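**Student:** Chain residues, written in single-letter form:
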Amino acid sequence: MMSSQTSKRSFKWLIPTIYIIFLMLPIYWLINMSFKTNQEILSTFTLFPAEPTLRNYAVIFSDASWYSGYINSMIYVGLNTVISVSVALPAAYAFSRYRFLGDKHLFFWLLTNRMAPPAVFALPFFQLYSAFGLIDTHIAVALAHCLFNVPLAVWILEGFMSGVPKEIDETAYLDGYSFPKFFVKIFVPLIASGIGVAAFFCFMFSWVELLIARTLTVTAAKPIAATMTRTVSASGLDWGVLAAAGVLTIIPGALVIYFVRNYIAKGFALGRV
Amino acid sequence: MNKTFNNKAWFFVLPVFFLVAISAIIPLMTVVNYSVQDTFGNNQFFWAGTEWFSDILSSSRFHNALIRNLSFSFIILAIEIPLGIIVALAMPRKGIWVPVCLILMALPLLIPWNVVGTIWQVFGRADIGLLGASLAALGIEYNYAQNAIDAWVTIVVMDVWHWTSLVVLLCYAGLVSIPEAYYQAARIDGASRWKVFRYIQLPKMNRVLLIAVLLRFMDSFMIYTEPFVLTGGGPGNATTFLSIDLVKLAIGQFDLGPAAAMSIVYFLIILLLSWVFYTVMTNYGTDKPDGGTGAG
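Sequences listed follow chains A and B, in order.
The opening residue of the first sequence carries number 1 in this note's numbering; numbering runs sequentially from there.
The opening residue of the second sequence carries number 1 in this note's numbering; numbering runs sequentially from there.
In case anyone wonders, no lab produced these hints; they're calculated from the structure.
Note that the structure is a prediction, hence the values are computed from the model and not measured.
Each hint should be verified, as a subset may be incorrect.
For lysine-lysine, the following BS3-like pairs were computed, each having C-alpha atoms within a straight-line distance of at most 25 Å [claimed, not checked]:
{"no.": "1", "chain 1": "A", "residue 1": "12", "chain 2": "B", "residue 2": "94"}
{"no.": "2", "chain 1": "B", "residue 1": "8", "chain 2": "A", "residue 2": "185"}
{"no.": "3", "chain 1": "A", "residue 1": "166", "chain 2": "B", "residue 2": "8"}
{"no.": "4", "chain 1": "B", "residue 1": "8", "chain 2": "A", "residue 2": "104"}
{"no.": "5", "chain 1": "B", "residue 1": "195", "chain 2": "A", "residue 2": "12"}
{"no.": "6", "chain 1": "B", "residue 1": "3", "chain 2": "A", "residue 2": "166"}
{"no.": "7", "chain 1": "A", "residue 1": "181", "chain 2": "B", "residue 2": "3"}
Please model the entire structure based on the sequences and the hints provided.
**Tutor:** Quick look at the structure:
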């Protein structure tokens, strides 16, 4: 490989570089816009802000209808991640260690929910949560997102757990560990990275989803992403603020991605690479 | 791994079962309920039988949306899969640049989907966007809000931008799992670059590639938010995919019966696809974790 590639080495890095530039251009443009005044955005075409301003960010951090969107998103995403991972842990253990009546069907059924189009569920969800008076609450969105995040967490965790040899369980029982003690003290630390990845993916898919979140909320639990669409149509297109809000929605993902960089492919493959 | 048969394992699964069942089965029952009934809006329902289903299955509106969706999925697969393989092959295998590449490439995957739409909406505008302005400066007429072809190109490029990294990451994960010994053997045999790809790297990526194809196909088949933000399904109906049409029908026009029937047809298609996906995920290559050897 080395010898056959020495001649090509000089330009091989070009492909990823060009690809990354293609990925970064729209993001660069968004960041660029977020530091401009609306006047500069609309009147001149500049690759860098001529008079960098923090006004757009100041608008977001001082207006409750903007920043509460972030808080709402964070609350339901956090709730959803905790619920999804905690119910998925025992289930994934069962799937990875035991055969039981209907296990394959159940595993398949869970997958179909991960693959279900949110558009199909938007209206029934609205009626279901209306019936319980949960519309416009964080818990409604968190529970609704469980539809696709719980199956995802089960699949990812099952993938990681199947990598832990069964002998470890048996040895622990021989050593006199009870099941709960074994699970918390020995098993959970062994699959800690799997739990991290599952939590990351629940966080991510709840964070990027908008259709269901928007359908189930009015004002009190409205996600930041929905606030953005509203502002685009209503308030005479404040491009600078829109760009700043967009940049702020990228930051949470950018912050946590570092921790899962080596597992991200495994997560997308539902724990099966 | 040989598993023991124990029905007590059901107790571990019960929380998941109830949580997902409430979110999945009750709404689905509502949909089934609506799909066989008609209403005049005063909460009185009449049995309509399979009327909505035959309406939907024979309506050109549904056919067109389905065709648009299938063409879209086909186009993006034809672009994203080869592009993903090429980028994954060219990525560095070790060193400081590996995490840099991985993180930068994964970034678009973590952006909320409507923000993706907004980014491209801004990026493509001739008055304020880099892409739109550059094309205008080159004398190319481009307006995704007016011209159907421009709208399609923008949505396809947006999806390539958004999701190709998923293919890259999966392929890369497959590639790094190839032991160095394979390459050494190929070098001793004097194998060409193409032969190395065809007989070592491609078979090793088989499984991850299948996963990538299926995931991309299914996710593109349910695409909603990005084109909704970018074009709203327009110009005209040019980019009205199944999900967009369904939401228009259900929430826009409140035609519950047809919308429910369409949901069920839609869901059955997804169910079929999920079954293919499941079979691939659970059977293909799991018994031989090293993956296939030879010409796969």
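**Student:** So which hints don't hold here, by number, going up?
**Tutor:** Of the numbered hints, all hold.
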